[in-house]
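In the working numbering, each number is its position in the sequence shown, counted from 1, plus 341.
Keep in mind that a hint or two might mislead.
[Unchecked claim] Pairs of lysine-lysine, DSSO-like flavour, derived with a Cα cap of 30 Å: (1) Lys646 with Lys605; (2) Lys605 with Lys654; (3) Lys366 with Lys471; (4) Lys537 with Lys605; (5) Lys537 with Lys424; (6) Lys679 with Lys726; (7) Lys605 with Lys711; (8) Lys418 with Lys633; (9) Lys366 with Lys429.
[As the list claims (entries may be wrong)] The calculated label-pair distances, taken between Cβ atoms and stated as ranges, are: (10) Lys633 with Asp475: 23 to 33 Å; (11) Asp475 with Asn568: 48 to 58 Å; (12) Lys627 with Arg494: 22 to 32 Å; (13) Arg454 with Val379: 17 to 27 Å; (14) Gln359 with Asn568: 49 to 59 Å.
Simulated from the structure, these hints should not be mistaken for lab results.
We put the beta carbon where it would ideally sit given N, CA and C, even for glycine.
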Amino acid sequence: MQGVQSPAAVLLADSLIQRIADVAKSARDALSGQDSFVQAACYLERIVPVCVELQKGRDTSLTIHEVVEALLSDVEKIDQLIKECCGKSRIYLVTHSRSITQRLEHAVHDLGRSLGLIPLSSVQGQEDIKAVIDSLSRDMQHIHFEVNQSDSRIAQLLSQNSTSLQSNPELQTDLLFNLARSVGIEDASQNSTALKLQVELLKNDLQGATEAYDLQMMDLLGNLVENWASGADSINTSAGTTSGYHEQRRVEPLYESFVCPLTKTVMRDPVTVESGWTYERSAIEKWFWECKSNGRPATCPATGKELHSTAVKPSIALRQTIEEWTARNEHARIENAKILLTSRSSQQDMLHGLKDVQVLCTKNKLNKHKLRKAGLIPEIVNCLKHGEQVRCTALATLRCLAEGEDENKVNNFV
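Between the sequences and the hints, there should be enough to build the whole structure, so can you do that?
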């Protein structure tokens, strides 16, 4: 039956538009670092014009009421998932990235199916509008969300047989380094306390867990991080007996104020916005650009509050402090690597040292010069005499040092 649209139908459509707007904003603001949720927000925003057309229509049939209610229900499922994720630690989101992404994908598929049920009569017989709705419905039903490369690697390592992982130092190092970077810990090899804290947060999130994956993961990560921390402590203890070494090799922890809330990495060009929060310049500028492109008011990512101005103020003092902290820690890490790569070190210590040298190489070219000047290349070459895992990692480290450099310069140090 067609006629004047009922107040109930108008209220239902209004409610749907408001919920879509709220949930899309939550997906963007609360989970800005999760690409799949940002993509889901884009699809939600594309549904709004469809809802506006439903408001204009004159369809008061039971069918359209059922469709709108189904759409509301599907939007609520996405909102519930967002709320669950917002209540979890970053390490939980990383270790459960596959299952979270699959749940979101299924929710968007369901929303797309419900969208496809909108009858032609609801858009006053306008076939072009119906064609747009059907096209959007198909896109949503076939969308596939990808897990980012780092989280995917972590999930791949965690899904391996626990026995094989525990007996493979190279895989353990790979897992811990990737996991640390994903939760904003830049110096994994020297900041075991921060990594232990993250594992404790994960255990809190998994209280009462019954899934085999969760139970195995808690035991595995707990043991790996404990062993890692014990190894770091033993190195520091032995170093304390050598005059002058202990302070020289002391690595300062990563301070929260150095980390950008958007990128979860140490800031290079920190700027402060109107709300008083500090971000990496490129990250906050991209955030403001996305707000403008999507017709949304500029907000502070950390608080969600609207900003009256997008002007930013360089934080010169913080930038200088970060640069000094970075220089001190990189010097200490080079000294640590020299000790870890000696013939007296264990295979696992050598792997830790080689991995950290690779990280230092990727930071900037100046570090390569510092590493060569510190005499690290002969130490790395000596690692080629050890087992296959150490030998392969040593070769990869030498490649890192040689990339972009004159090979003769490298050979002169060997």
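Here's how the hints hold up against the structure:
1. Lys646 with Lys605: 20 Å, holds
2. Lys605 with Lys654: 20 Å, holds
3. Lys366 with Lys471: 26 Å, holds
4. Lys537 with Lys605: Cα-Cα ~18 Å, so holds.
5. Lys537 with Lys424: 26 Å, holds
6. Lys679 with Lys726: Holds - the C-alpha atoms of lysine 726 and lysine 679 are around 16 Å apart, at most 30 Å.
7. Lys605 with Lys711: 27 Å, holds
8. Lys418 with Lys633: Distance ~28 Å between lysine 418 and lysine 633 Cα, so the pair holds.
9. Lys366 with Lys429: 19 Å, holds
10. Lys633 with Asp475: 23 to 33 Å: Between lysine 633 and aspartate 475, where Cβ atoms are some 31 Å apart, the hint holds.
11. Asp475 with Asn568: 48 to 58 Å: Distance hint for aspartate 475, asparagine 568 holds at roughly 56 Å.
12. Lys627 with Arg494: 22 to 32 Å: 25 Å, holds
13. Arg454 with Val379: 17 to 27 Å: With Cβ atoms ~22 Å apart, the hint holds.
14. Gln359 with Asn568: 49 to 59 Å: 51 Å, holds
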